[in-house]
Amino acid sequence: MLRYKWHQGKNIYKLPYDGAKEMLSVNNVDSKDFLTGLFKAMFDKLPAQKLKKEKAQ
Numbered sequence: 001m002l003r004y005k006w007h008q009g010k011n012i013y014k015l016p017y018d019g020a021k022e023m024l025s026v027n028n029v030d031s032k033d034f035l036t037g038l039f040k041a042m043f044d045k046l047p048a049q050k051l052k053k054e055k056a057q
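In my numbering, the protein residues as written are 1 to 57.
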């Protein structure tokens, strides 16, 4: 059963099952301009890359 989260009257997130992480719902996957804008808007909100620990030799 899919559950939905609403933002400003629009369904933008899907919760595929209880306890799942939110997934962004994108229906307009054929529009290059839409997807480019979406990725640019999300890029700055991504967490910083975690530094890897050096292996002991």
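Keep in mind that the hints were calculated from the coordinates and are not lab data. Note that the Cβ used here is the ideal one computed from N, Cα and C, for glycine as well. One or more of the hints may lead you astray.
Stated by the list, open to error - Pair ranges (Cβ atoms, derived):
hint	residue 1	residue 2	range
1	56	16	20 to 28 Å
2	16	40	42 to 50 Å
3	49	22	41 to 49 Å
4	46	18	23 to 31 Å
5	55	34	36 to 44 Å
6	16	48	40 to 48 Å
7	33	54	36 to 44 Å
Against the structure, the hints:
no. : hint                : result
1   : 56 x 16: 20 to 28 Å : 40 Å, violated
2   : 16 x 40: 42 to 50 Å : 26 Å, violated
3   : 49 x 22: 41 to 49 Å : 22 Å, violated
4   : 46 x 18: 23 to 31 Å : 26 Å, holds
5   : 55 x 34: 36 to 44 Å : 43 Å, holds
6   : 16 x 48: 40 to 48 Å : 28 Å, violated
7   : 33 x 54: 36 to 44 Å : 43 Å, holds
Against the hints set out earlier in the document, violations occur for numbers 1, 2, 3 and 6.
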